[in-house]
Amino acid sequence: AQSVTQPDIHITVSEGASLELRCNYSYGATPYLFWYVQSPGQGLQLLLKYFSGDTLVQGIKGFEAEFKRSQSSFNLRKPSVHWSDAAEYFCAVATYSGGYQKVTFGTGTKLQVIP
Amino acid sequence: KAGVTQTPRYLIKTRGQQVTLSCSPISGHRSVSWYQQTPGQGLQFLFEYFSETQRNKGNFPGRFSGRQFSNSRSEMNVSTLELGDSALYLCASSLGQGLNTEAFFGQGTRLTVV
Chain F
1 AQSVTQPDIH ITVSEGASLE LRCNYSYGAT PYLFWYVQSP GQGLQLLLKY
51 FSGDTLVQGI KGFEAEFKRS QSSFNLRKPS VHWSDAAEYF CAVATYSGGY
101 QKVTFGTGTK LQVIP
Chain B
1 KAGVTQTPRY LIKTRGQQVT LSCSPISGHR SVSWYQQTPG QGLQFLFEYF
51 SETQRNKGNF PGRFSGRQFS NSRSEMNVST LELGDSALYL CASSLGQGLN
101 TEAFFGQGTR LTVV
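Listed in order, the protein sequences are those of chains F and B.
Be aware that the first sequence starts at 1, since it is given in the working numbering, and climbs by one per residue.
Be aware that the second sequence starts at 1, since it is given in the working numbering, and climbs by one per residue.
Just so you know, the hints here were simulated from the structure itself, not pulled from any lab data.
A hint or two may mislead.
[Claimed, not checked] Label pairs and their computed distance ranges (CB to CB): (1) Gln-44/B to Ala-29/F: 22 to 30 Å; (2) Thr-30/F to Gln-41/B: 25 to 33 Å; (3) Ser-52/F to Gly-62/B: 20 to 28 Å; (4) Arg-67/B to Ser-70/F: 27 to 35 Å; (5) Pro-7/F to Gln-44/B: 41 to 49 Å; (6) Gly-3/B to Gly-16/F: 12 to 20 Å.
Even glycine gets a Cβ: it sits at the ideal position worked out from N, Cα and C.
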């Protein structure tokens, strides 16, 4: 069965500092990978996705993520964090089995940005 | 174009009651998925509908049910509400033509069971 692990429940960074949010997945083949962001009281917004090809994926709001097959990881990065990036971030894995799509979300990482 | 619309945004119900939540997908999207989000369990998949048929179902009791109409709008019903059903219920729509189709989420319905 597929699974997604986001080891960091809560991260605090200073505004302007770099950010890396970790995501590890467990699946027999290469899954489809996503990062979503959720602001308080809101739904989820897709930041970026990886299906195949270049392992470094660029997303919206200056985010990028790198797929590393050897480490089963898909970490999210941003070179300089803005106060508006404070939110909860979810990594997700989508696979296709038995004719059905299955999406599994990680437990999320809450990002706090301090001045 | 309009995004995914979920109604109502907030709901308070009493234990034992039943509730119906609504989701209107983006125009042209035929797949609608429902998720339950709680602080303790995170985001959990409830079920997915495509062209009025349930394609996939998560591990939730039979009290949780759904349906999809010919215009792709979907409803989710929870019967005999329990305190533990308090959660943010999110709906996502997509074209549904495979895994490389992006899912767009609504703002959710916040259900509180008292």
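Numbered hints the structure breaks, given as an ascending list: Per hint list: 3, 4, 5, 6 violated.
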